[in-house]
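Respectively, the protein sequence lines represent chains A and B. According to this note's numbering, the first sequence holds residues 1 to 393 in order. According to this note's numbering, the second sequence holds residues 1 to 284 in order.
None of these hints come from the bench; they were simulated from the model. Just so we're clear, the structure is a prediction, and the values are computed from it rather than from any experiment. Hints are not guaranteed to be accurate.
Some chain A residues well away from chain B (every beta-carbon gap over 10 Å; in silico) [what the hints assert, rightly or not]:
| # | residue |
| --- | --- |
| 1 | Lys-81 |
| 2 | Glu-89 |
| 3 | Val-112 |
| 4 | Trp-133 |
| 5 | Gln-141 |
| 6 | Trp-152 |
| 7 | Ile-163 |
| 8 | Ala-187 |
| 9 | Pro-197 |
| 10 | Phe-235 |
| 11 | Gly-236 |
| 12 | Arg-240 |
| 13 | Leu-278 |
| 14 | Lys-290 |
| 15 | Ala-348 |
Just so you have them, the derived chain A footprint on chain B, three or more residues with Cβ under 8 Å [as the list claims (entries may be wrong)]:
| # | region |
| --- | --- |
| 16 | 153–159 |
| 17 | 212–221 |
| 18 | 268–279 |
The beta-carbon is built from N, C-alpha and C at its ideal position, and this holds for glycine as well.
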Amino acid sequence: MAEKNSSERRRSIGWMGINRGHHARPIEWILEKGIFLISFSAILMIFLIFLFIGKEAVPILFERVNSAAAQKVLSSEEVEKLSKAELAEYLGVSPTELKKMDDETVKLLLEVKAESAKEAPTDKDAAINTASWRYMLKPYQWTGYEKPEYIWQPVSAIHKYNIIPLLIGSLKTSLVALAFSVPLSLAAAIYVSQLAPPVVKEIVKPCIELLAGIPSVVLGFFALLVMATVFQNVFGYESRLNAFVAGIALGLAVIPVTFSISEDALTSVPSSYTQAALGLGSSKWQAAWKIVLPAAIPGVFAAVILGFGRAIGETMIVLMASGNASIMSLSIFDSTRTITATIAAELAETVFGGHHYRILFTLGLMLFTVTFLANLAGEMTIQRLKRHLEGKA
Amino acid sequence: MKSALKKLSLAALMLAVISTSQAASTITAKGSDTLVILAQKWAEAYMKKNSDVQIQVTGGGSGTGFAALQNKTTDLANASRKIKSKEIEACIKAFGKRPTEYKVALDGLSVYVAGDNPVKELTVDQIAQIFTGKIRNWKEVGGNDSPITVYSRENSSGTYEFFKESVLKGADFAASAQTMPGTAAVLQAVAKDKTGIGYGGAAYGEGAKHLLVKRDDSSPAIEPTEENVVKGEYPIWRYLYIYVNPALDKGEIAKYLTWIRSAEGQSLVKEIGYFPLPENLRAK
Numbered sequence: 001m002a003e004k005n006s007s008e009r010r011r012s013i014g015w016m017g018i019n020r021g022h023h024a025r026p027i028e029w030i031l032e033k034g035i036f037l038i039s040f041s042a043i044l045m046i047f048l049i050f051l052f053i054g055k056e057a058v059p060i061l062f063e064r065v066n067s068a069a070a071q072k073v074l075s076s077e078e079v080e081k082l083s084k085a086e087l088a089e090y091l092g093v094s095p096t097e098l099k100k101m102d103d104e105t106v107k108l109l110l111e112v113k114a115e116s117a118k119e120a121p122t123d124k125d126a127a128i129n130t131a132s133w134r135y136m137l138k139p140y141q142w143t144g145y146e147k148p149e150y151i152w153q154p155v156s157a158i159h160k161y162n163i164i165p166l167l168i169g170s171l172k173t174s175l176v177a178l179a180f181s182v183p184l185s186l187a188a189a190i191y192v193s194q195l196a197p198p199v200v201k202e203i204v205k206p207c208i209e210l211l212a213g214i215p216s217v218v219l220g221f222f223a224l225l226v227m228a229t230v231f232q233n234v235f236g237y238e239s240r241l242n243a244f245v246a247g248i249a250l251g252l253a254v255i256p257v258t259f260s261i262s263e264d265a266l267t268s269v270p271s272s273y274t275q276a277a278l279g280l281g282s283s284k285w286q287a288a289w290k291i292v293l294p295a296a297i298p299g300v301f302a303a304v305i306l307g308f309g310r311a312i313g314e315t316m317i318v319l320m321a322s323g324n325a326s327i328m329s330l331s332i333f334d335s336t337r338t339i340t341a342t343i344a345a346e347l348a349e350t351v352f353g354g355h356h357y358r359i360l361f362t363l364g365l366m367l368f369t370v371t372f373l374a375n376l377a378g379e380m381t382i383q384r385l386k387r388h389l390e391g392k393a
Numbered sequence: 001m002k003s004a005l006k007k008l009s010l011a012a013l014m015l016a017v018i019s020t021s022q023a024a025s026t027i028t029a030k031g032s033d034t035l036v037i038l039a040q041k042w043a044e045a046y047m048k049k050n051s052d053v054q055i056q057v058t059g060g061g062s063g064t065g066f067a068a069l070q071n072k073t074t075d076l077a078n079a080s081r082k083i084k085s086k087e088i089e090a091c092i093k094a095f096g097k098r099p100t101e102y103k104v105a106l107d108g109l110s111v112y113v114a115g116d117n118p119v120k121e122l123t124v125d126q127i128a129q130i131f132t133g134k135i136r137n138w139k140e141v142g143g144n145d146s147p148i149t150v151y152s153r154e155n156s157s158g159t160y161e162f163f164k165e166s167v168l169k170g171a172d173f174a175a176s177a178q179t180m181p182g183t184a185a186v187l188q189a190v191a192k193d194k195t196g197i198g199y200g201g202a203a204y205g206e207g208a209k210h211l212l213v214k215r216d217d218s219s220p221a222i223e224p225t226e227e228n229v230v231k232g233e234y235p236i237w238r239y240l241y242i243y244v245n246p247a248l249d250k251g252e253i254a255k256y257l258t259w260i261r262s263a264e265g266q267s268l269v270k271e272i273g274y275f276p277l278p279e280n281l282r283a284k
């Protein structure tokens with residue numbers, strides 16, 4: 001019966017819902033469609049951003065960029081012999097651009113090309129395309145190093161673009177942040193949703209969610225000046241700014257995310273569950289721990305995933321508090337450099353369209369993909385949990 | 001009341017019209033963060049003298065300045081390093097000419113350590129070895145037995161590149177070097193860290209000790225003072241530059257550039273903490 005009703009309605013509303021009782025209220029109809037357009041454009045915008053980042057990263061993904069420091073230089077006789085198309089390729093411009101240039105410009109460009117070749121290094125690494133996946137992912141023994149190493153030194157005679165230290169840096173700080181924030185926020189969520197009297201709940205919940213309102217730059221500042229010094233005095237490690245300090249500060253930013261989502265999940269468990277447990281003689285604590293939490297565990301999982309997305313994408317805190325040294329180390333008490341901090345610190349100075357620029361975009365694309373997937377997985381888990389708890393699955 | 005308000009707004013409007021029509025020419029300068037304070041100082045002083053010129057100064061980094069020069073969104077590009085051949089290429093592609101280079105000031109780079117560090121002087125080679133991670137303990141250079149914490153700048157900074165080229169001779173910084181967002185941050189970190197060492201403009205330096213630097217083992221240790229930097233005795237120094245599209249280097253812009261390099265413009269350099277150009281490089 002219900003099904004028949006809805007299909008009838010669907011047939012009768014007309015084009016874009018114009019017949020849905022809006023004959024008398026055209027303004028409402030326009031407003032509704034306006035809001036639809038705005039939300040649609042938000043989705044479109046995300047898509048365009050993804051497209052833009054992807055476009056800038058594609059040459060790196062398919063290894064179409066050559067960052068080799070040594071350049072082939074042709075003598076002036078050889079240049080004379082080149083066809084127009086070859087000359088354009090040699091100068092790195094398109095044939096139409098070349099047509100527009102006068103002879104003097106071309107001569108200047110050739111001159112500069114020869115000059116830059118003179119400056120270029122000549123050691124055995126100079127011919128290597130360092131922007132290829134082999135050198136971005138695997139260790140290599142560069143000139144002057146004693147063993148194969150993972151090196152991120154983009155501003156250098158030989159550009160060294162190994163991204164592994166950055167990946168490890170990002171993961172390390174995010175994991176510290178999660179290890180710190182998940183137990184705390186989960187405990188707080190269980191307490192607030194299941195055990196606390198209403199008065200306490202009404203104070204504690206907004207207080208924790210208020211943490212989300214602290215600008216991350218302020219958290220970073222606090223970590224840089226206060227937490228770093230205090231922790232160094234307490235734990236006595238060597239470098240003042242490290243993954244641990246950054247991770248804890250990051251954890252403060254993650255707590256409101258994990259707290260409010262897991263609290264949501266716990267609250268959405270029907271109260272009949274708790275009442276049944278209490279009715280069978282369990283304590284409040286037992287009901288919360290053994291009945292409600294297991295029922296809401298996908299929600300908690302989603303909270304952790306979304307918290308991870310927030311942590312790995314956060315920039316300002318890690319930029320200020322992690323020390324930003326691209327060390328290949330698993331110790332959380334070493335300074336570390338994250339992907340986000342690297343992009344923030346380096347992008348402004350890169351040559352636009354150059355290999356360094358494109359590699360930073362590739363890192364951005366990776367980050368975007370990871371956070372996108374994390375958010376997607378989190379949202380999907382929450383939706384499924386909701387349906388499940390409402391008995392529709 | 002209403003009419004008074006009307007009159008007032010009319011007057012304000014007229015004032016705005018007059019002031020914009022008076023500022024016949026606007027010069028924009030963009031680029032190095034190292035130079036931004038000095039460039040602002042120059043702009044202020046010059047605008048005070050020539051009320052018909054508007055000068056807008058923004059930072060963002062030397063590379064940002066060069067990019068803006070190519071896109072013709074700025075007249076002058078401030079830079080704390082020499083232009084790279086890639087950037088010259090881009091400029092030639094954009095406006096068919098090499099940008100003109102002007103040296104506008106000198107900057108001495110100091111090496112800082114904490115105030116209570118017993119080390120007083122280092123050779124350039126020792127500094128290079130410390131920053132590349134070959135020397136890891138202070139006792140190797142005559143200090144206490146404690147590991148060295150190296151503080152560096154972000155690789156987007158002109159200071160970083162200069163230090164790498166001229167002191168490390170192009171070698172990589174140690175991976176364990178912590179990078180700080182500015183000279184002031186380096187200085188603060190070094191002042192707080194007994195085992196720290198960092199580098200930055202000679203003009204900065206409250207709270208930390210400037211090391212004396214020896215060119216090699218046998219030469220004397222030199223203090224980074226103005227006299228020593230300008231004479232070229234102190235070994236770690238660089239020029240600061242302004243680049244301009246030669247097609248624009250005429251009229252007000254040319255006048256402004258000449259003024260910067262004159263005795264008057266150079267007298268402001270010291271107030272900011274850089275060093276003025278030697279006589280032979282100034283504009284006559």
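Quiz prompt | Nearest-CB test (10 Å) between chain B and A/Trp-133 | solution = 21 Å, holds
Q: Go check the region 153–159 of chain B versus chain A for me, would you? Three or more residues, Cβ under 8 Å, otherwise it fails.
A: holds (count 4)
**Prompt:** So is A/Arg-240 really clear of chain B, every C-beta pair being over 10 Å apart?
**Reply:** It is violated; A/Arg-240 is separated from chain B by about 6 Å at its closest Cβ, not greater than 10 Å.
Holds or violated: is the Cβ of A/Ala-187 farther than 10 Å from all Cβ atoms of chain B?
34 Å, holds
>> If we take the beta carbon of A/Ile-163, is the closest beta carbon in chain B still more than 10 Å away?
In response: 14 Å, holds
Q) Going by Cβ atoms, does A/Lys-81 stay more than 10 Å from chain B at every point? A) With a cut-off of 10 Å, A/Lys-81 remains clear of chain B, as the shortest Cβ separation is near 22 Å.
| request: Go check the region 268–279 of chain B versus chain A for me, would you? Three or more residues, Cβ under 8 Å, otherwise it fails. | output: violated (count 0)
### Query
Are all beta-carbon distances from A/Gly-236 to chain B longer than 10 Å?
13 Å, holds
Inset, instruction - Would you check whether the claim that A/Trp-152 is not at the interface survives, using Cβ distances to chain B and the 10 Å cut-off? - result: Nearest chain B Cβ is 8 Å from A/Trp-152, so the label is violated.
**OP:** Verify that the Cβ of A/Glu-89 lies farther than 10 Å from every Cβ atom of chain B, and report whether the claim holds or is violated.
**Re:** Its Cβ never comes within 10 Å of chain B, the nearest being 14 Å, so this holds.
### A/Phe-235 non-interfacial with respect to chain B [C-beta, more than 10 Å]
For A/Phe-235, whose nearest Cβ neighbour in chain B is about 16 Å away, the distance exceeds 10 Å, so it holds.
- Test the statement that A/Lys-290 is away from the interface with chain B: the closest C-beta pair must be farther apart than 10 Å. Holds: least Cβ distance 48 Å, greater than 10 Å.
Checked against the numbered hints above, the structure violates hints 3, 6, 12, 15, 17, 18; every other hint is satisfied.
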